[in-house]
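All chains should be built: construct the whole structure from the sequences, respecting the hints.
Chains A and B are the protein sequences, given in the same order. Per this note's numbering, the first sequence starts with residue 1, numbered consecutively. Per this note's numbering, the second sequence starts with residue 329, numbered consecutively.
Among the hints, a few may not be true.
Take a look, some chain A residues computed to stay more than 12 angstroms from chain B by CB distance [unchecked claim]: (1) Val-64; (2) Gln-180; (3) Asp-235.
Cβ-to-Cβ under 10 angstroms is the rule here; a few derived chain B residues that face chain A [as the list claims (entries may be wrong)]: (4) Asp-361; (5) Cys-363; (6) Asn-367; (7) Ser-371; (8) Met-375; (9) Ile-377; (10) Glu-384; (11) Thr-420; (12) Leu-421; (13) Leu-423; (14) Thr-466; (15) Arg-473; (16) His-551.
Hints in this document: simulated from the structure, not taken from any laboratory. Because the structure is a prediction, the values reported are computed rather than measured. By construction, the Cβ of each residue, glycine as well, lies at the ideal position given by its N, Cα and C atoms.
2 protein chains.
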Amino acid sequence: MGEFSLIQAVFTRRAAAMLATQPDSLVALGIGDDCALLNRLSSDEQMAISTDMFVEGTHFFPGVAARDIGHKALAVNLSDLAAMGAKPIGFTLALALPQADESFLHELANGLFELAQIHHCPLIGGDTTRGPLSICITVFGRVKRQQALRRGAARVGQRLWVSGQLGGAALAVQQLYANQTPPATALASLLRPAPQVFLGLALNGLASSAIDLSDGLYGDLRHIATASQVNVEIDLNRLPIDPLLEGLPFDAAMALALCGGDDYQLAFTCDDSASQTVSALSQSLQLRLTPIGKVVAKSAAPQVICLGPGAVPLSATWHQQLSAYEHF
Amino acid sequence: MGEFSLIQAVFTRRAAAMLATQPDSLVALGIGDDCALLNRLSSDEQMAISTDMFVEGTHFFPGVAARDIGHKALAVNLSDLAAMGAKPIGFTLALALPQADESFLHELANGLFELAQIHHCPLIGGDTTRGPLSICITVFGRVKRQQALRRGAARVGQRLWVSGQLGGAALAVQQLYANQTPPATALASLLRPAPQVFLGLALNGLASSAIDLSDGLYGDLRHIATASQVNVEIDLNRLPIDPLLEGLPFDAAMALALCGGDDYQLAFTCDDSASQTVSALSQSLQLRLTPIGKVVAKSAAPQVICLGPGAVPLSATWHQQLSAYEHF
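If you want it as structure tokens, here you go:
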């Protein structure tokens with residue numbers, strides 16, 4: 001484990017340096033003891049916690065730059081905090097590595113710490129071990145009690161919004177599997193998604209439910225529909241698809257935009273009365289926010305209904321084909 | 329991911345069932361949303377957090393029973409809480425699996441949940457993914473502010489104690505590498521260590537520093553010595569070695585007891601005035617607690633000094649050989 005001690009030293013030093021620049025942090029003790037210690041939250045807060053495992057071959061293609069791996073491993077976790085409307089406190093990192101490759105490790109750390117710095121989310125604990133390359137991050141955030149954006153809080157009549165644009169990451173995945181070189185912007189969507197932490201914070205008290213798009217809009221909206229026991233209707237003509245999808249046939253573009261994961265945008269529901277505020281938010285965050293549908297009815301068999309050309313509901317067969325595509 | 333949904337359903341159902349039986353829990357929201365939610369601590373508490381990655385081939389021999397894997401993956405994390413004197417709140421589980429083997433998964437869950445139940449530590453969040461078998465657990469606990477048992481809090485003149493007995497797990501590892509069948513008690517020490525959570529809690533306010541023995545007594549005491557900037561002296565004649573080691577030559581037994589990891593006992597330092605209380609604790613917990621040495625002096629070059637037969641300090645060469653054995 002001698003070589004691994006060196007790795008730990010790199011991460012520990014960078015973590016300590018970053019922690020020292022976070023004066024209003026809840027972190028009472030960072031890396032170096034049996035546990036990290038956090039001070040308690042304010043009286044109106046809860047702690048939000050999420051964990052994700054990131055494995056070579058499953059979550060990223062072999063050969064992806066270490067810096068991108070570091071960025072994305074933290075981004076997907078921060079995205080879960082964003083979907084809850086939580087503000088980052090810190091994260092732990094458990095790392096399995098086949099060997100101690102110093103330049104790989106430094107670049108991995110660069111990707112992690114650059115994103116951590118943006119979101120004031122210091123590394124507070126870790127573990128390094130020998131094994132097939134995988135990264136497990138657990139992230140902690142703080143959120144106002146009663147204001148966490150729950151999947152089960154969508155209400156009938158609310159408008160459904162989505163941030164950013166959809167399908168670029170899925171296009172990159174499709175092309176990489178076909179041994180093609182994706183356009184740079186699609187590759188950037190896949191490799192360096194920006195977790196919508198600032199949006200999540202702004203939606204506190206404004207939106208009722210939210211989810212981050214990790215599996216794809218269609219599947220993730222089904223999670224909201226199921227948890228809230230409602231039907232959700234989306235108008236596909238309004239989807240903010242990535243410009244790269246615009247030349248594709250309708251069904252192909254929709255498959256990518258609806259079933260492609262890795263967008264890490266937020267979908268959320270708001271009362272109609274909040275629409276102007278949401279639009280103003282779009283301006284201030286310089287982030288596209290698009291109303292794409294609504295919560296239409298309570299339902300014991302919740303579903304997501306897609307409206308196609310002419311705003312006409314697409315057939316049951318069309319929806320079934322979409323589900324089949326999802327499992328591909 | 330269809331088969332993996334079934335796995336998640338098994339863990340989610342068991343987690344929810346267990347959570348329902350923890351009425352005074354801090355857990356406001358368990359598995360099923362983007363994040364888990366915890367209520368805030370009491371005013372005199374801090375949160376302790378630790379994470380560990382557990383990889384097949386590195387941390388456990390291929391073919392080890394799934395139930396034992398589940399037990400140990402959680403045990404090593406709970407052991408970190410114990411070493412801080414923290415009371416478990418809950419844990420997250422990220423699991424990579426090469427395939428969805430239902431009976432393996434049920435047994436893994438059995439091992440995890442049986443231990444979780446003992447320590448009232450519910451599963452509150454998770455992630456399942458395809459990949460080489462590995463388990464990453466992050467565990468959360470609560471500890472009285474100012475009473476966390478820090479590695480750096482050993483004071484000159486304090487007595488050094490260790491719980492349980494040492495070297496059984498190391499003997500099992502040695503024999504397994506030699507393709508021998510270890511005695512059942514040694515195997516149990518290796519596969520099913522009991523994290524000393526109750527001891528850790530009882531040491532709150534009694535001990536000043538503590539560490540759990542994951543790397544081996546000698547190396548772990550060096551962590552205490554370094555963090556506290558002190559020299560620590562241990563009398564090897566007093567080490568509570570596993571009875572299985574008693575027939576071995578002195579050096580061989582000491583190598584196992586001092587450098588073998590996986591014991592997950594606690595070493596801790598207490599003022600002399602606390603000795604009677606510690607002895608009473610041993611009675612009430614039905615757990616052997618042995619005074620094995622003391623904190624002898626402040627030191628800018630902290631070391632652990634071993635006293636051999638006749639309580640005479642062993643040579644520098646002897647200590648160097650021990651260090652070499654550690655890296656083996």
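Each hint tested on the structure:
Its beta-carbon lying about 15 angstroms from the closest one in chain B, Val-64 (chain A) satisfies the requirement of being farther than 12 angstroms from that chain. The Cβ of Gln-180 (chain A) sits about 24 angstroms from the closest Cβ of chain B, beyond the 12 angstroms cut-off, so the non-interface label holds. Separation of Asp-235 (chain A) from chain B is adequate, the least Cβ-Cβ distance of about 25 angstroms exceeding the 12 angstroms criterion. Evaluation of the Asp-361 (chain B) hint against chain A yields a held restraint, the C-beta minimum of about 5 angstroms falling below 10 angstroms.
Because the beta carbon of Cys-363 (chain B) sits about 4 angstroms from the nearest beta carbon in chain A, less than 10 angstroms, this interface hint is met. The beta carbon of Asn-367 (chain B) is positioned within 10 angstroms of a beta carbon in chain A (closest approach about 6 angstroms), and the interface hint is therefore held. A distance limit of 10 angstroms between C-beta atoms decides the matter here; for Ser-371 (chain B) the minimum to chain A is near 7 angstroms, and the interface restraint holds. Nearest Cβ of chain A to the Cβ of Met-375 (chain B): about 4 angstroms, under the 10 angstroms cut. The hint holds.
Satisfaction of the interface hint for Ile-377 (chain B) is found here, the shortest Cβ-Cβ separation to chain A being roughly 5 angstroms, below the 10 angstroms cut-off. The closest approach between the C-beta of Glu-384 (chain B) and any C-beta of chain A is roughly 8 angstroms, which is under the 10 angstroms cut-off, so the hint is satisfied. The restraint placing Thr-420 (chain B) at the interface with chain A holds, with a minimum CB-CB distance near 4 angstroms, inside the 10 angstroms limit. Taken as an interface hint, Leu-421 (chain B) checks out: its beta carbon lies about 7 angstroms from the nearest beta carbon of chain A, inside 10 angstroms.
Residue-level restraint check for Leu-423 (chain B) holds (minimum Cβ-Cβ distance to chain A is 7 angstroms; threshold 10 angstroms). Residue-level restraint check for Thr-466 (chain B) holds (minimum Cβ-Cβ distance to chain A is 4 angstroms; threshold 10 angstroms). A distance limit of 10 angstroms between C-beta atoms decides the matter here; for Arg-473 (chain B) the minimum to chain A is near 8 angstroms, and the interface restraint holds. Given hint, His-551 (chain B) at the interface with chain A, holds; its Cβ is 9 angstroms from that chain's nearest Cβ, closer than 10 angstroms.
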